[in-house]
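First to last, the sequence lines map onto chains C, W, X, Y and U.
Under this note's numbering, the first residue of the first sequence carries the number -14, and numbering increases by one thereafter.
Under this note's numbering, the first residue of the second sequence carries the number 27, and numbering increases by one thereafter.
Under this note's numbering, the first residue of the third sequence carries the number 27, and numbering increases by one thereafter.
Under this note's numbering, the first residue of the fourth sequence carries the number 5, and numbering increases by one thereafter.
Under this note's numbering, the first residue of the fifth sequence carries the number 5, and numbering increases by one thereafter.
These are computed hints drawn from the structure, not numbers from a lab.
Model, not experiment: these values are computed from the prediction.
We treat Cβ as the ideally placed atom computed from N, Cα and C, and that holds for glycine.
Treat each hint with caution, since some may be false.
[Stated by the list, open to error] Below, computed lysine to aspartate or glutamate pairings styled on DMTMM-like, alpha-carbon distance capped at 20 Å:
hint	chain 1	residue 1	chain 2	residue 2
1	C	K(-10)	U	D99
2	W	K322	X	E137
3	X	K340	W	E351
4	X	K37	W	E153
5	X	K268	W	E209
[As the list claims (entries may be wrong)] So the derived label-pair ranges between C-beta atoms look like this:
hint	chain 1	residue 1	chain 2	residue 2	range
6	U	L225	C	G189	44 to 54 Å
7	X	D147	W	A295	26 to 36 Å
8	X	T42	W	R205	28 to 38 Å
9	C	V127	U	L225	55 to 65 Å
10	U	F228	W	R140	27 to 37 Å
11	Y	G96	C	V8	48 to 58 Å
12	U	V20	X	D33	50 to 60 Å
The chain contents come next:
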Amino acid sequence: WARYKIIKMSTTTSTQASGLLDVLLPELEKDTGITVKVIAKGTGAAIRDGMDGNVDVMLVHAREREMKFIKQGYGTNRYAVMHNDFIIVGPPADPAGIKGNSDVIAAFKKFASNRARFVSRGDDSGTHTKEQSIWKKTGLTVKTNTTMIEKKGKKREITFIHPHGLGNWYLSIGQGMGKTLTFADEKLAYTLVDRGTYIKYKFGREVPVDLEIMCQGDPFLANPYGVIPINPQKHPHVQYELAKEFAEWLVSERGQTIIANYRLLGKQLFYPDAQK
Amino acid sequence: MIYTVSDLIKKYGPRTVLDIPYLEVEKEQIYALLGANGAGKTTLLNILGLLEAPTAGRIHYCSRPVNYAESALQSLRKEVVLVDQHPILFTTTVFKNLEFGLKIRKINKKERYRIIDESLDLVGMREFSSAPAQYLSGGETQRVAIARALALSPKVFLCDEPTSSVDVENQNIIITILRRINEAKKISVLFTTHDRSQAARLAHHTIVLNQGRLVPTLYENIFRGVLQTDPSGQPQCVIQDKMHLSIGEDQVIDKRKAVSVFIDPEKIAVRKPSEDPAVANELQGRVVQIIEENGKVRMVVDAGVWVALLISKKRYQKIVFMVGETIVLSIPPEAIHLM
Amino acid sequence: MIYTVSDLIKKYGPRTVLDIPYLEVEKEQIYALLGANGAGKTTLLNILGLLEAPTAGRIHYCSRPVNYAESALQSLRKEVVLVDQHPILFTTTVFKNLEFGLKIRKINKKERYRIIDESLDLVGMREFSSAPAQYLSGGETQRVAIARALALSPKVFLCDEPTSSVDVENQNIIITILRRINEAKKISVLFTTHDRSQAARLAHHTIVLNQGRLVPTLYENIFRGVLQTDPSGQPQCVIQDKMHLSIGEDQVIDKRKAVSVFIDPEKIAVRKPSEDPAVANELQGRVVQIIEENGKVRMVVDAGVWVALLISKKRYQKIVFMVGETIVLSIPPEAIHLM
Amino acid sequence: MNLLIDSFISAIRLVVSMDAELDAIVGVSLKVSCTSTVLAGLIGVPLGFTIAFSEFVGKRMTITVLNTLLALPTVVIGLFVYAFISRRGIFGPFDLLYTQRAIIIGQAILIIPVVAAFTIAAISRIDERYRKTAMTLGANRLQTAWIVFREARFGIVAAIVAAFGRVISEIGISMMLGGNIKGFTRTMTTAMALEYDKGSFILAVALGIVLLGLSFGMNLLFHFFQGRVHSQ
Amino acid sequence: MNLLIDSFISAIRLVVSMDAELDAIVGVSLKVSCTSTVLAGLIGVPLGFTIAFSEFVGKRMTITVLNTLLALPTVVIGLFVYAFISRRGIFGPFDLLYTQRAIIIGQAILIIPVVAAFTIAAISRIDERYRKTAMTLGANRLQTAWIVFREARFGIVAAIVAAFGRVISEIGISMMLGGNIKGFTRTMTTAMALEYDKGSFILAVALGIVLLGLSFGMNLLFHFFQGRVHSQ
Ligand SMILES: Nc1ncnc2c1ncn2[C@@H]1O[C@H](COP(=O)(O)OP(=O)(O)OP(=O)(O)O)[C@@H](O)[C@H]1O
Ligand SMILES: Nc1ncnc2c1ncn2[C@@H]1O[C@H](COP(=O)(O)OP(=O)(O)OP(=O)(O)O)[C@@H](O)[C@H]1O
Ligand SMILES: [Mg+2]
Ligand SMILES: [Mg+2]
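Just chain C, with the same shape it has in the complex:
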């Protein structure tokens, strides 16, 4: 049986791109004999995979949606694994004048007042969710975009919000983190980015992005990751036992140490959350 200890995990592309899994999973296999097949997608699609029972476990960073996922009975419970943080990056010239300030809300207000170009992922990902919640907090007037769809005979609305100036200084591009970052770099614009992706694009490439960190350290910018085994009551075929074993290994001493020791280009990226 040991040879067949294979589970499938859906996760976000940024998690896969960070390289952590490439260190973590071989250790896991050594310890428990579990092989994890990783399926990386956009946050929404990754959660969909969980809901449809196409995977056994899910590793994402969108806390509110994760809680809802569990509430709806798709997952058993959420293991808080780790967090990293978001930062605001921008062109060295800093046209909005936000450099050195750790207050994200103030920074966002300045983007709006200076009409400084800002690139939004606009893809309903963890990062985009975070960005939308910051816009809400600024108290600026935000516009709501609604699309109606049909689901099992019922109408459902899909909404997302953005500040005024869409298409003008606020660019919503609906792409992954890496692409958003290069986009901002091309257009010399600001953007909200997770630290891992930024490090890769700043220090991991022959031609680094010009963008620099403008704003970091606000507690509001924390980006927690959770792992959720899929509920076997919803999907009897899932390998719940293995998924649970995997989740527990992640939050164990051993797993957490590996996470804490992971360095991307010499920089720590993830902070373990399970250590009391």
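Assemble chains W, X, Y and U with the ligands onto chain C, guided by the hints.
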């Protein structure tokens, strides 16, 4: 009967290209199919070859009605083979072109090779056996296509102008082959041609088509003419500006100015010139050809236009017409048919 | 001279299909090009039509050497037009097929319409003007192709078997047209045919090709024969199992068993049958055709095989040969050529 | 199956409501795809003709290379063009990146091999006599090509249709070079990819259905165009 | 420009070092693409023949629909197949999602219209007389089709080559239905997408170059195959 055709109609769009109330084709005979361009010869061969369905009408093949379901046709097509007017060879070697039909008939390899060599020999194309078929010259292609069909020893052999681009040496050979397979293997042959002497030489029966209909006329002396009235008000038909023929009033059916004219060669009278003045429809001309044909004698006279006529052997021998001589033709109105 | 060809060689792969040391084609004349299938007629026409470059050799067109750069050829091609052996019409109406070349020559619309109507009238295809060209019958296609070329009033008109699938009525018309354009418009005409009487009727000059080479022979009496030795050990050539001809020892060049035999029709002697015993190479046969040809008389005799011979008018008139009569041919060894 | 039914209804609702956003997306898609198809046609068809009509050493090898280019992944084209038009590339100053023009360039590169390869395939089966006949009637190269084109048009139009289908359904290049900017360079496909990433599968498929409808419309146009040419 | 040169060097390095991972990726790509191409050929070519040879009302409309399907976006196919083989779909129990088989199914759906449409285009220009001649020589439907196939093979092989190019360079379906699982369903293109996501553009293009090399190899095979058939 190998074929019995009744009430056959073939239309392309609104145009009726074939309209044959009844036609019988006897077993083991050679038929020549004659007719002007567009008369429907190829169309008829395609229908008899079971490659096209008629628009209306019935065809009996070997006394059984033909069922135009594709599956039913396939077995019949193994007995009937058609060589196209401009045959096409498959883009491969000459050999493989011949092999195709034999393979289909599941003939074993040794036998196949023997038949192919033999058939190519017949048409004098053996040395081209391994040549790529698509580069052959016009006549070579035609000969290979005939060999390809012959190799299958069909019951019915349909040939659309089998010798049209074949050289003189091979024309004779192909005619000999057709006669031989008809005699030795009892294969029914139906071929089209524009060479009526070839038809006369080879065929037991002749079918003439005109605008899709069977006509009892012979296939010659067909001219394009223009209708006029002569100074005296008599209707007249002028052929190629050279021959003026009076015609009966009743023959001017409609006011078409350009008509096809058929002059029945059996109804033309001929005599040596005399001092008598020329009467209407009497023409002088020089004899240019004298040909023996089915017990009669066919003379071609250059009277500005070349006109053919048929006379009995007796009369020919009695009067002794000679090539190069000037003679007088008289064409009675009843010999002239406007079509 | 419209063409002067020297040292022309055309090869396809290793095979030489044309090898013409020298050939002149005079202006404003009609030439017939004869030869067996695969002799290279089409290839020569393609080269003279400036559509294919020779492998080696020079061609002068109107005394200027032809430059085979595509750009140089284009203007020449406007003066020379070739009608293919199996012509192809563009997949559009007959009218537009004729219009293409005229549009290229920037002829204005009114003039264009006039020329098109006139040309279609010539070949009797005017009523097909708006018909889709791809569905025409074989002969109709050929006639439209001729009209399409005629419409362009070229300086040189090359026709590859222009009447091969044309009906009798239109064969005569096409021959007349060719003669007329030659006389009236001084167009040089070069056509191929397998019908030597047509060639004789129409052409001022005849070129015969055999296996890519010019030969001085006439294009008839060509048979496939087998070499044997007769009981007395004399070499003999047997034609179609029916005609046994003694040949000179020196003629058996190599031991090929199947040969092509040409019997020179001008060297065959003919006489009425007598009581004299038959000597070698004397054959009895029946006269089947007598035809006047360029001041001579051509007789076709059925001696098992059909043999043609040419005699002077004088001799014909003196002896009075009649169709249907039995006569004696004697074929001297020097009349027999193995090819 | 639910997915499909739901998507279908949503698609209809989308079209019926025809909100400005969908409007814009459809507009961008059509404009970009049509332009790149026309561009590729103008380059690819003559290219195909030139290759098919010329005799030169390595002709078959050229065709093989062309066929290889049919496997050019959009990511490679995207990165390739990106390298030229990015701020740091030689065409950087033209500020092409993340514009519709950038997409058009990339897409044209994608389908030129398709058009050229199928043009060659279409011409290669046209009877040599058409060319010969045109030439003997006095046509120059262009006029001769036109005759052959007319005869091969069924195949060439098929190539153009396929090329259009390829670009209108293509994602990679539009995403990388257009940037999927809402209201500017968002095309039907990048919008679909976005909805998919968001997990709104229904909306993604609904957009796909709209796209197919659009493409059907374009094909009907082609169909009638071809019909007209045919009946001439 | 640097990007290209660097990528080229990396590509060579990749191939020379030929590590096990690249090996696996190339293997998966080839296996999946070849299988789906063969599958699509086996379905698409007969489909094209059937449509081209039958006379039925709405034939031209069928061809138009087929042409429309050339614009089927990979996302739609991905989602469509997903709806069937996802755990909740009717084929859920077969556990096909995120396997190579799933990719093969999706890719085959993608290119069947391509193969069929171009088969039709290729056959439609073949002289009607080939078919007629085969029939009069006694061939049944299949044997007749074989003759026409032989004559049209240049066009049909072009269709297959194009279809192969399409699938080997395709990302959407491999990603959505294969899941880009390392060692199982990671193909050249999904690996490229991943490298691109990681920001390793050079590696992405290097993989693209390897892919083109591979596709060139396949085309050479086709080339020789065609050459052999040709010279027969
Ligand atoms: N598919 C078609 N669609 C429309 N008309 C056609 C079609 N096929 C033949 N025709 C027309 O039908 C008539 C008869 O054609 P057919 O080929 O039978 O003539 P034919 O007697 O063989 O003439 P030819 O001596 O020129 O070969 C022609 O006028 C031709 O234009
Ligand atoms: N493209 C080619 N490749 C190879 N051989 C060829 C090619 N074209 C013609 N040939 C060969 O060259 C020879 C001469 O061909 P050509 O067409 O000139 O003959 P032809 O005299 O016109 O014969 P026909 O009376 O049959 O029309 C033929 O034996 C033919 O097989
Ligand atoms: Mg015919
Ligand atoms: Mg010829």
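Hint check results:
With a C-alpha separation of about 16 Å, the suggested pairing of C:K(-10) with U:D99 holds against the 20 Å cut-off. Among the hinted pairs, W:K322 with X:E137 is inconsistent with the structure: their alpha-carbon atoms are about 51 Å apart, more than 20 Å. Proposed proximity of X:K340 and W:E351 is supported: the alpha carbons are some 13 Å apart, at most 20 Å. Taken as a hint, the X:K37 and W:E153 pair is honoured in the structure, with Cα atoms around 18 Å apart against an allowance of 20 Å.
Under the criterion of a C-alpha separation no larger than 20 Å, the hint pairing X:K268 with W:E209 is consistent with the structure, at around 18 Å. Hint check: U:L225 to C:G189, Cβ distance near 39 Å, so the stated range 44 to 54 Å is violated. Checked against the hint of 26 to 36 Å, the pair X:D147 and W:A295 passes, with Cβ atoms roughly 34 Å apart. Evaluation of the 28 to 38 Å hint for X:T42 and W:R205 yields a pass: the beta carbon distance comes to about 36 Å.
One distance hint, 55 to 65 Å for the beta-carbon pair C:V127 and U:L225, holds here, with the actual separation near 58 Å. About 34 Å separates the C-beta atoms of U:F228 and W:R140, a value consistent with the hinted range of 27 to 37 Å. The hinted range of 48 to 58 Å is not satisfied by Y:G96 and C:V8, whose Cβ atoms lie roughly 37 Å apart. A hinted range of 50 to 60 Å for the beta carbons of U:V20 and X:D33 is consistent with their spacing of about 57 Å.
Taken one by one, the earlier hints fail for this structure at numbers 2, 6 and 11, listed in ascending order.
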